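K.L.:
The lines below spell out each chain.
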Amino acid sequence: MDAVKKTRAAHHHIEEVFTPFPVHGLDKAMGLAPTRIAICAFIYGLVGLSFGTWMMDYIMIQDWPQDIGGKPSMSYIQNMPAFVPVMFEETVFFAAHLMVITFYMRSRLWPFKVAENPDVRTTDDHFLMEVSINNNEEDLISFLKSTGAVEVKSIEKHG
Amino acid sequence: MYTFSSKLKTFSIILMIIGILGIAYGFLTTPDTIQEVEALEAKSHGEHNGGHEIAKHEAVHEVVEAVKNETTPVVDSIKPTTENSEVVVKDSSSHEVVSTVVAHTEIVKKEEHKVDEHAAHQKHLEHQLHQLQNKPWAALYVPMIFILLLSMGTLAFYAIQQVAQAGWSPVLFRVMQGITAYLPVASVIFFVFLVLTGLHVFETNHLFAWMQEGITDSKSEHYDKIITGKSEYLNFPFWIIRAVIFLIGWNLYRHFSRKNCLAQDEASDNTFYKKNFNISAMFLVFFIVTESISSWDWIMSLDPHWSSTLFGWYVFASFFVSGITTICMVTLYLKNNGYLENVNTSHIHDLAKFMFGISVFWTYLWFSQFMLIWYANIPEEVTYFKTRIDVYTLPFWGAVAMNFVFPLLILINTDFKRISWVLTMAGVVILLGHYVDFFNMIMPATVGENWFIGISEICSLLFFVGLFIFVVFTALTKSPLLPKRNPFIEESKHFHY
Chain F
220 MDAVKKTRAA HHHIEEVFTP FPVHGLDKAM GLAPTRIAIC AFIYGLVGLS FGTWMMDYIM
280 IQDWPQDIGG KPSMSYIQNM PAFVPVMFEE TVFFAAHLMV ITFYMRSRLW PFKVAENPDV
340 RTTDDHFLME VSINNNEEDL ISFLKSTGAV EVKSIEKHG
Chain G
201 MYTFSSKLKT FSIILMIIGI LGIAYGFLTT PDTIQEVEAL EAKSHGEHNG GHEIAKHEAV
261 HEVVEAVKNE TTPVVDSIKP TTENSEVVVK DSSSHEVVST VVAHTEIVKK EEHKVDEHAA
321 HQKHLEHQLH QLQNKPWAAL YVPMIFILLL SMGTLAFYAI QQVAQAGWSP VLFRVMQGIT
381 AYLPVASVIF FVFLVLTGLH VFETNHLFAW MQEGITDSKS EHYDKIITGK SEYLNFPFWI
441 IRAVIFLIGW NLYRHFSRKN CLAQDEASDN TFYKKNFNIS AMFLVFFIVT ESISSWDWIM
501 SLDPHWSSTL FGWYVFASFF VSGITTICMV TLYLKNNGYL ENVNTSHIHD LAKFMFGISV
561 FWTYLWFSQF MLIWYANIPE EVTYFKTRID VYTLPFWGAV AMNFVFPLLI LINTDFKRIS
621 WVLTMAGVVI LLGHYVDFFN MIMPATVGEN WFIGISEICS LLFFVGLFIF VVFTALTKSP
681 LLPKRNPFIE ESKHFHY
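Residue numbers (the working numbering), protein chains in the order written: chain F, 220 to 378; chain G, 201 to 697.
In case anyone wonders, no lab produced these hints; they're calculated from the structure. Do not take every clue at face value.
[What the hints assert, rightly or not] Below, computed lysine to any residue pairings styled on SDA-like, alpha-carbon distance capped at 20 Å: (1) F/LYS290 with G/LYS693; (2) G/LYS553 with F/ALA260; (3) G/LYS693 with F/HIS243.
Only a predicted model underlies this, so the values are computations on that prediction, with no experimental measurement involved.
One chain only, chain G, in its complex shape (with noise of 0.2 Å):
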């Protein structure tokens, strides 16, 4: 049996206050009116000499704004000059480009005396006010659903494993499940959180644009007829409808396999252990039909106007991986604590060989879908790409590094795979990258390029992180760390590669 150590308790609990406090100092610094905003702007302007960043915003706001919202005389005027400027916007220094922008952005505007511009600003200001109060939203959103899918991660590679037969892992079937036991507290966490973003709870949320009030209405200024079209799916009771089926979808096989698992224990036979694996092939095939659709909701969604269709896989790699490479952080914590007798440095290895290929699974299905975009350069496709790679430059490129470069470099040599602290390294590096990577596919549908990883960003990935560690361990002492009957535990203890 596990100990919960003390020194780990209280670590995981100062994370979660520190968490908590950053969360709130990050609501409370939102701006809660166009006048605040104005005032920070004015602000940062003085801060810049010369506004230059400002006019980098403004203009990059403004092509923006020029996709997005054909009505505005100022827009209809700037898009011929906007279409110009996109051969020049491949170039790779964006500084030339912004600034061709900004010029031609002038010249429009001095030919145009009629176009107001107050009215263009005060449009602006508002845009930027909804980021800005989006910001501690998402910041919170980000890690809420990383962590989630992550243990989901590690609850598909067990079904996988138990599916599979496979030989090596019996013997971290308990830590899986102390990993997984993370899954219910996300995920009641995770729904409060839908059903206050869908109702509209708090007047500052407003993360996913297919829920503002009016826009199905041909009456409303609010009005968008792509998001109409797709209203139908895109729908609060039917979005959360779904929400419910998925969650408790997965929640039941997880606590089923558990409680399987062990039942096994005390079995004299192995019905059980047929039971779960019955029951782990029927989540296997749900799973990955209801993963798809998760992530269509709760991340492409953020994104209506866009979509495409190896986004689930992608979604899944990223989360897959980062869950194999929990296991590993878990196992190599635990084994180091003198808790894991049966595991030795080969299980260890094929955790390893697990986080590298999956990790460079990622970086296909991520190439694939980008260069797939980059090649057709298809206006209403490439939008996604150009806001991130515009104004997400560092985490858009970063995450690759990350996630590929990094672990493919330290991963690919056999001996480095058996060693603790290159997997530490790497398993951190690998984690990182892929909440940056989840960072990437939300923070620009909701906060655009108002984002920093800040007090809010930070602390809400502290608390979530505290939240895991005190589930997960505490989970981990329910149950003796050795499955006692399973028919290949053996076969486990003895495994050698």
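Only chain F is shown next, with the shape it has when bound in the complex (with noise of 0.2 Å):
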């Protein structure tokens, strides 16, 4: 935390950081910009109460309203608290699903998917943070020691 802070200070672009597990209060050091899923889960619920709104209307109301035990199946709202545990349940179906689907799209994870992992021991006990070289490398890499690194490393990236 310390030393993204201190690299923000410093104005050195973070390309990216890789920590084990989530670290509380990362996002805001590095100043990213907060996650906007929580309005397309709304969104995508919205879709959902319209769509089983929508299916339980074409298929009691419209397509064969039949006299099932004495429900009333004259109009949509005569009969809707039936339908209300449907219309909840679609809901949350899209809501949940499509929020999930749009997660891994917008982080790129798939099945069979190459992992992206510049050190194997970032997922067990090691924080790595990159930072890109501009013709510095002699100012950066010190700098970073000074910021508490355990290890320094200069490479070349491909692709």
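Both chains are sitting in their own frames, so use the hints and assemble them into the complex.
P.N.:
As structure tokens, then:
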């Protein structure tokens, strides 16, 4: 955290930070924009609600309005309470699943994806901060060492 | 230390004075005799061109009567027609239903020449008189029990926070204790009211139908077999003893919890904190049992022919969310006046999350109760909702809008949960919504179709709100607003979400 703050203060651009577990407040320290996934979920929920409403209305009221056990099938509102469980579940189903899929797509996660791990130890007990070099290798390495780094490596990336 | 601002004090006193005047007005304008009711009806008959409104009233009334009273000959003949129109009753336009019922009724009346219309009319007037006489009493009863239970909701929340060892809430403990200071005052008023009602001190007060004289006597004209069957539970001595036990139990917890909390400030170890933990846990067990029973006693027994298993939970959810909302409102008020330096927007945010969550919980129970009864449509249960939907259409659905739709859309946003004015607005709507919820539970059983939110209702509410503000803010001046030696107080001061 300290190193991230110092690096930001020194105006070095942080490419990426790798941690073995969530670090509370790291996104704030890095200055990342807040996520908008909750807004997505809300919209997906509305879609689910509309879908549930439309489906029950079409099937139970418009297409084949039968008298099933005396339930009033003359209009949607009359039989609404019976549809609420469906509408609720559709809302939750759409909001949850579409949100998860959105998350996978935005963070580019899928089965058989090749792991983008610069150092295997970062999944266990090491934290890694990636800073790009712009013709100032010496300065940058000494700066990073001063922030309390255990190990500073200069590598060339391809692709 | 908090000082009671003189402005707020004057405000609360003004509320109480207006309240008392309005309550008195309500009682003075209540009709005393059947003749007065007749005159009133004749008057409103003239006002509503052609008496359409009255026809509607009477039709609805007779349907209700039909269900209640199976001995009257008129009713016997109407009964089959009423059942036929049951199917139509589901129709969204109640207007149509009513007119069919009226039409049927008229046909039946023409056919049955023997029917003694005069006797039926007298019966109707007597019924009307009882409901009109109940009106100011019920108007008083609704805010009385609502704000009493609201402070109980706060107390339950407080006990939960103690037992859960919540790290965020200790800075709010004194605010909660201030709100629950209303409990002893409210308990006394409420208890006196119950005794007056049960002993029939006032002729005009017949809120609880099962208390009526002769109701368990098979020779009496008031005899009711169903109520007689329940009379081992629903009888005045047992009922009032239960009320004593509940109120004393709740007040004892509130008294000792506060005492221990203040003693903990001066102590050198955590003995008092541990004591509070233990009594809170015991209180919660006691509370959940007594809360259920008291909701049957004080609210469900107003409709003694009806019962519902999740009613206790439903009432609990209603006043629990009101209690949390009140904590939030009082906290915001004190914070904005600079008395709670350790309370930050994260604390407020947490309270708002509780308001949101428990509002949804209330809706869940409301809907579960409604949908189960609507779905099965068993006649003896469904009349409860039928009266409410037909006669209390706006308050019935309005409560759902105010207690669910509004908080759902406002409080779902994280940023909004930190903005004072948004929360104040949501809080006011939630509190009013739960007042309406209690109104819906109590009024249909006591005043029936004669309901109206007029001077009696508003002024009774103003009186109890004024009293509440006066008692609560006086109590807040009695002790520092920050507990000193609570083991979680440091964590709470630095709480950040």
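K.L.:
Confirm or reject each hint.
P.N.:
To see whether the hints hold, each was checked on the structure:
no.: 1; hint: F/LYS290 with G/LYS693; verdict: 56 Å, violated
no.: 2; hint: G/LYS553 with F/ALA260; verdict: 18 Å, holds
no.: 3; hint: G/LYS693 with F/HIS243; verdict: 19 Å, holds
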